[in-house]
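Number of protein chains: 2
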Amino acid sequence: MKVAILGATGLVGRRMLALLADRPWADPDPVLLGSERSAGVRLDFRGRSIPSKAVSPEDFEGVEIALFSAGAAAARRFGPIAAAAGAWVIDNSSAFRMDPDVPLVVPEINGGLLAAAGRGSGGIIANPNCSTIQIAMAAAPLELAFGLAEVHVTTLQAVSGAGQSALDEWRRQEDGLPPCDPPLFARPMARNVLPCIGGPAADGSFEEEAKVVRELRKILGRAGDLGVTCTAVRVPVQDGHSAAVRFVLQRDADLEAATAALRGFPGLVVASDPLDFATPLEIAGGNAVHVGRLRRDPDHRRALLAWVVADNLLKGAAWNALQIADLLAGGAATGADR
Amino acid sequence: MKVAILGATGLVGRRMLALLADRPWADPDPVLLGSERSAGVRLDFRGRSIPSKAVSPEDFEGVEIALFSAGAAAARRFGPIAAAAGAWVIDNSSAFRMDPDVPLVVPEINGGLLAAAGRGSGGIIANPNCSTIQIAMAAAPLELAFGLAEVHVTTLQAVSGAGQSALDEWRRQEDGLPPCDPPLFARPMARNVLPCIGGPAADGSFEEEAKVVRELRKILGRAGDLGVTCTAVRVPVQDGHSAAVRFVLQRDADLEAATAALRGFPGLVVASDPLDFATPLEIAGGNAVHVGRLRRDPDHRRALLAWVVADNLLKGAAWNALQIADLLAGGAATGADR
Chain B
771 MKVAILGATG LVGRRMLALL ADRPWADPDP VLLGSERSAG VRLDFRGRSI PSKAVSPEDF
831 EGVEIALFSA GAAAARRFGP IAAAAGAWVI DNSSAFRMDP DVPLVVPEIN GGLLAAAGRG
891 SGGIIANPNC STIQIAMAAA PLELAFGLAE VHVTTLQAVS GAGQSALDEW RRQEDGLPPC
951 DPPLFARPMA RNVLPCIGGP AADGSFEEEA KVVRELRKIL GRAGDLGVTC TAVRVPVQDG
1011 HSAAVRFVLQ RDADLEAATA ALRGFPGLVV ASDPLDFATP LEIAGGNAVH VGRLRRDPDH
1071 RRALLAWVVA DNLLKGAAWN ALQIADLLAG GAATGADR
Chain P
771 MKVAILGATG LVGRRMLALL ADRPWADPDP VLLGSERSAG VRLDFRGRSI PSKAVSPEDF
831 EGVEIALFSA GAAAARRFGP IAAAAGAWVI DNSSAFRMDP DVPLVVPEIN GGLLAAAGRG
891 SGGIIANPNC STIQIAMAAA PLELAFGLAE VHVTTLQAVS GAGQSALDEW RRQEDGLPPC
951 DPPLFARPMA RNVLPCIGGP AADGSFEEEA KVVRELRKIL GRAGDLGVTC TAVRVPVQDG
1011 HSAAVRFVLQ RDADLEAATA ALRGFPGLVV ASDPLDFATP LEIAGGNAVH VGRLRRDPDH
1071 RRALLAWVVA DNLLKGAAWN ALQIADLLAG GAATGADR
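Taken in order, these protein sequences are the chains called B and P. Numbering (my numbering) for the first sequence: 771 to 1108. Numbering (my numbering) for the second sequence: 771 to 1108.
With the rest of the complex left out, here is chain B:
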């Protein structure tokens, strides 16, 4: 299948291209698109060097899969153009996620939504927010086994979630250099933690927190009646988001049954010891979502605590997008590495 990547030179775009190289369904000549600024940047694909070019509407002619990781404004402009040209647009921005006509897909959870889409007819599929994906992956088997009543999340999010310029700025600060002007982070990022990701949201939270709340409800099909809170914190980690989650279930939480439900869910790696856990530094580069520190809330028969870690650029972005592409290309979803 003919593939275009919009935002190919970004942190997520580069990972999309690397993952695409392994896809047997991928045409050998992907079209690498981006801003004027990144035009001419060359990226490797299956041993060949391919230049990125500045995107224009005609670039999507003949494209069957268009992987977008170029922000919401670019997605709003080029998404409908690419879809009208017959491409499946898999968009990693927030532009279309809450559109009732656009599926918001984590393949292991609701990949079935794509079966109805059929092959080759074109349209827009939304890739969820990075933190939301990993929380949804841990939540879904508990929803199936016990029903969820509430999900309360504190995220500890890697700097790479804010893009290459944020990584550069963080490293400058770590080296004792002054912040760039205008500042990229609201407060110093080096050796600090910042509970503000995204702009202010309508509900008194920050936008990242509002995304977790509304996207988790949509993915789980629980738009109306799932209680969700989120405090999203940027931490000085390069890659890999962590989340401390308290799940309140609809039925009594049996720890063994919960562990079994999580173990049986594809794409999850569940710690074998309840005190064991993954850390972002150690699991970055892998595609799995890691669940550890699973324990009961001793004061609440229906509540569980867990520690959930995944690579925000892979399962949180590029890997999830390529899994969607796999389904659209007609194959079975590729399992996460373990």
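There's no promise every hint is true.
Any copy, or any two copies together, can satisfy a pair, since identical chains are not distinguished.
Unchecked claim - EDC-like, lysine to aspartate or glutamate: derived pairs with alpha carbons at most 20 angstroms apart: (1) Lys988 <-> Asp1067; (2) Lys988 <-> Asp1069; (3) Lys772 <-> Asp792.
Rather than coming from a laboratory, the hints here were simulated on the basis of the structure.
Position chain P against the provided structure of chain B, taking the given hints into account.
Frame of chain B; chain P shown alone:
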């Protein structure tokens, strides 16, 4: 009053000595005590250099205030000796915190327990865990105004909470050097987050988490019926613990009334804008507990979310201990800086 500091050369001990210098009630010749290893290390007090000496039981003769920050084993050995010699022992370890005969004191909350103690008769007072103190400071005014039903905490704790050797090891790792042998952290600390502080606890959590649960209940006088959960995470920050807290109240949570209750409580600095917050890097070195990001849980009329930050070595340890000493010395508690 004659003062001894056990563990004077440690991170907390040094801050105790610096704060002591401002106390009008403090005798000009504090006795600096510690291990054999730290014997001979000289510290400044009011412009004079005083050597630390290896502790022995007779060092507490004539001492009226004994500030301990030397771990639980040293506290168990020397606490009863110092108290028997007539000193008030203010112990920063976990050794006596849950002893029903020992007051566990945050002066702004339950300093009244010390009034009954009287002056000069000697005994042991426990200084709570660093994370617990700042969470209790935010919880106490909400308990008074609304009654608390549940407190759910995720901490993001600074490396200095694990002591000087942990700081040294973290910096070694930041510089790309291999971990020390045996490793001081369970996993790499540099550019990583570790949800394991302290050893395994009986309830399936780690010891730091168990401390927050049981000490918060004791400080608030709610040993039997306050639901508390905690996930404690070490983050690559030098000084200053942060906590994302969800408070479930007994009565409806009116945000204005909650803000007013917090503002009226001594030692707290409450952000003026609900989207505003403190960060550990910015408030380290101050004595206040900072409450920000105060908002309602939109799905739960009785629940509030907050972001609570304090310097773990000051209000979390040395400052709280010196406030206790102030009360025992007969003065009013010194207000936190704002």
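Status of the hints after comparison with the structure:
no.: 1; hint: Lys988 <-> Asp1067; verdict: between (26 angstroms within a copy, 19 angstroms between copies)
no.: 2; hint: Lys988 <-> Asp1069; verdict: between (30 angstroms within a copy, 16 angstroms between copies)
no.: 3; hint: Lys772 <-> Asp792; verdict: within (14 angstroms within a copy, 74 angstroms between copies)
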